[in-house]
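**Q** Make the full structure from the sequences, and use the hints.
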Amino acid sequence: MLAAVRLGDDAYGASIQEALERAGRPVSIATIYVTMERLEADGLVRSWLGEPSATRGGKARRHYAVTRAGTRALVAVRDELRQAWRGLESHPAIVSR
Amino acid sequence: MTPASLPPLAGMVVRFCAPPHLRAAIEGDLTEGYLLRHTTHGRRAATQWLLRQLFTMDLIRLRHLARSVPHAPTPAREAGMLQDLRFALRALAHRRLYATAITATLAIGIGANTAVFTLVNSVLLRPLALPDSDRLVMLFRTSERFGFTRSTVSYPDFLDWRGAPALDGAAAYGIADRTVTGAGDAERLRGARVTAGFFPLLRVPPALGRPIAQADDEPGAPPVVVLSHGTWSARFGSRPDIVGQVIRLGTEQATVIGVMPDGFGFPSAETAFWMPLRGDVSSLERDFNFLSVIARLAPGQTVASAQRTVSALTGRIDAETPGANESMGVFVEPRLDFTVRNVEEPLLIFQWVVLLVLALACAGVTNLMLGNAVGRRREMAVRAALGASHGRLVRQAMLEAMLPGIVGGILGVALALGLLRVVEVLGASLMPRLDEVNIDWRVMALTAVAAIGCGILCGLAPALHGTRTALAEALHDGTRSVMRGRTARGVQDALVVTQIALALVLLVGSGLLAGSFLRLTSVQPGFDPSGVVAGKVTVPRPPLGANATEAEQAAEAARFVAQRNDFFRAFSERVASIPGVEHVGLSWSLPLSDFWFSSEMVAADLPDPGRKAPTIHGSVVDSAYFRTIGLPLLSGRTFSAADGATSPPVIVISRSLAELFWPGADAVGRRVLVGDERDPHTVVGVVGDTHVRSLAQPVAPMYYQPLSQVAWPAEAFVVVRGSAPPASLVAPMRAALTALDPTLPLTDITIGDALVERTVSAPRLRAAVLAVLGAFAVLLAVVGLYGVVALGVAERTREIGLRRALGARDGEVVGLIVRGALRLAVAGTVIGLTAAWMLSRYVASLLYGVAPTDVVTFSLAATGLLVVTILASLVPARRAARVDPIDCLRVS
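If you read the sequences in order, they're chains E and P. Going by this note's numbering, 578 is the number at position 36 of the first sequence; the sequence numbering is gapless. Going by this note's numbering, 1085 is the number at position 849 of the second sequence; the sequence numbering is gapless.
These aren't lab readings, by the way, just hints derived from the structure by calculation. Misleading hints may appear alongside valid ones.
[Said to hold, decoys possible] Per label pair, the in silico range of CB-to-CB distance:
hint: 1; chain 1: E; residue 1: R620; chain 2: P; residue 2: I642; range: 51 to 57 Å
hint: 2; chain 1: E; residue 1: D552; chain 2: P; residue 2: I642; range: 47 to 53 Å
hint: 3; chain 1: P; residue 1: G278; chain 2: E; residue 2: D552; range: 21 to 27 Å
hint: 4; chain 1: P; residue 1: I642; chain 2: E; residue 2: P594; range: 46 to 52 Å
hint: 5; chain 1: E; residue 1: D552; chain 2: P; residue 2: R322; range: 33 to 39 Å
hint: 6; chain 1: P; residue 1: F291; chain 2: E; residue 2: D552; range: 23 to 29 Å
hint: 7; chain 1: P; residue 1: G623; chain 2: E; residue 2: G585; range: 15 to 21 Å
hint: 8; chain 1: E; residue 1: R620; chain 2: P; residue 2: G623; range: 24 to 30 Å
hint: 9; chain 1: E; residue 1: H633; chain 2: P; residue 2: I642; range: 53 to 59 Å
[To be verified] These stretches of chain P come out as covered by chain E in the derived footprint (C-beta under 8 Å, 3 or more residues):
hint: 10; region: 261–270
hint: 11; region: 289–299
[Claimed, not checked] Computed, partial: chain E to chain P, Cβ under 10 Å:
hint: 12; residue: G555
hint: 13; residue: S557
hint: 14; residue: V569
hint: 15; residue: A572
hint: 16; residue: V576
hint: 17; residue: T597
hint: 18; residue: G600
hint: 19; residue: K601
hint: 20; residue: R604
Yeah, the Cβ is synthetic: ideal placement off N, Cα and C, and Gly gets one too.
**A** Written out as structure tokens, the structure reads:
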């Protein structure tokens, strides 16, 4: 989802995969679509078909964008994490990591 | 591949896996990704990337299917089946040791069953290789008094029985070995004298020429012979003009009238020729029982009805001819039953034994699968969370169970083929119909059922248990710990108890057989077989003219005896001069062989007319035989040159015979009456006892008559004892015989040790087979127990850690674990001992000198198994003792 936010209008299967790979989390195309289908079913992302292009063998892209609900969920997760991390940044166990 | 398109296969995978609304996008992504990597990393890396993408494409399909169930259309279901198969293969490939263990276990269980069932099927179940052979029966005389159920019958009996209304024809045959001379070396061939109806009764016409006709079977008819296919090709080079040729058979010139087709061998596969019986006057005596009778049941008749009619008929005849066949009955037996009578019981016992082994293998595999299913509960839970239905997971698990079953079945057939080769080599002399043994559709069908059945049987419980998981629990279970739940633990414990019980049954069985084999080999045969070699020589008896008077016959017989005695004396002298030969003796029969005769005998001077005369085994020997074969002379003397044809008849008896007639007294000088002879024989010596037919049978009373005084034997074994290896003496013995008479062959070459070997080979083979199966069973039981105990230790890591933290010592922890294992082992042992005790009487017929409920064997087997199981549980117990309390508390 974060990758989709980052990529903005350019978020589709191959580009999301490439972004995740660059971030050190390689996943397969199938995994991306499975995840996106579920997120879409939950109303967290929406998708639409783009124009076919020659570099893709004449196939269209399926673009994804995070919905409002999706953005809210992302922010909620971030806040929860922050809350959980509060005060731990300077904890000896973390610092000495 | 053109740069801008996917390979067709990739397109197919995508179309197969992805729902329509995603297909174009995914194909496009794959193309884009492929091209990108093609330019940056090269073609190889790009292809590898593409393959990785395609291999995971089924995730999409799974997700889609999970949403579309429960009413998936049939094609999708079939496709799902293929996918499940792929999953199963992948799951097994990941656990190679596990997959190999269960496949090999099932292969051994199924292979042993396939091999034994092939034997049961080919030897016991399949009809004989003769047309309508299920209607063929053997007719025997029986005698309660002499204790036999299958006696040969007389020619008059056969003539009477032939017309019985229950029978659709009958034929009689007897053994008639002949020496064939001319066209190559002299050769002793196994032949049969048969009545005219023989070939039509068996419904096998000759391949060449004609069968034996009624006219050939009349007394005085010109001699004719029908050859076997083997004799025709080996001895006469398959000459097409053989019919009509005259060949020399013993002292007769016989005209070849036919050749039987390839594969025909009756009464045995070795039968080389058939001659007409030409029943003459001497064969007309009603108590001269020398023929075997085979008959075909008339339509609508059964073995039982034939038994009734022939018995009634024989009862009337015996009443008319008192004294001939007193207290003798009739026994009608299907030919197949007669052929397999000696192997039926051992084969059926072994069929049960290998079924036990298969049950044990299944229990072991089920146990391994349960353990595996427990370990994979999280995987199953994840898949259920991804949308797989419970049915789908069960199906998946069942496929994983059935694959090893099917592969095990295929390997089992290969194993069975190997085992059957071993049986062919080791069992050649023990098993009839071995040449007919093969794996047919019946065996294949049963093996297939066994393979698939085992897969289902072993997989069902693990599949149901492994997939019926409390989802939340399994997913939230973040620790490494495994918990089986009460049912699974109970099932696994029960399986281990079953394994131990079955293994104990097999162990007791193999212990009993091994014990009887050891007893058997420690039996003293009564003579000294080592260093002895013997070969048989048959002196041809000149044919009597059909119209010879009694006086002429007597003169002819006397001439023959003199000529025979001279021949054997000359031959013995020649053999004695061979370097390395120390003693040479003559005997009509050898101990521990099938050649013997018996006569009724009474002590002439015992005033005991009311007593029944016992039947005693007898042989005809020369004086040097006792020393040569190593039979000790206990009192009196052996025969001497003075015991000639005209001197008073003498006899040597065995110790047990002397004890039977004159207990505690000296037998030398006493007199006995043999058979219906009028002149009593004087006992001149007493020798030691020997086992007559087999070491497993008790020593039997024996008597020995001097060859010089007995007219009827035409053949005798020349028995040689020397310092040279026995086998090396055969060639010089043959040379000595050829120098004396080139037309006579030396036959039935027997090495002394082989006589003993022959009677112990079957018990040894049985004991060895059962020992191997028993070892396999113990291994399975031990692995099963080890697995369960190890799993138990893993489950209780936390508890053990706590106990240790609270101060439990190593010994206490080990004791805790071993006690648990011991509980299972003791339960299995008690059940196994009870089962073995109930089942052991079924192997009683295979035992010698050991009771079926032998306490020593039972306790040794039980103790051995208990010790091994404790040792197996010690390994995980020691591991438990090493658990670091800190570690395990941290884990939880």
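**Q** Going through the earlier hints one by one, which of them does the structure break, listed in rising order?
**A** Going through the list in order, the structure violates no hint and respects every one.
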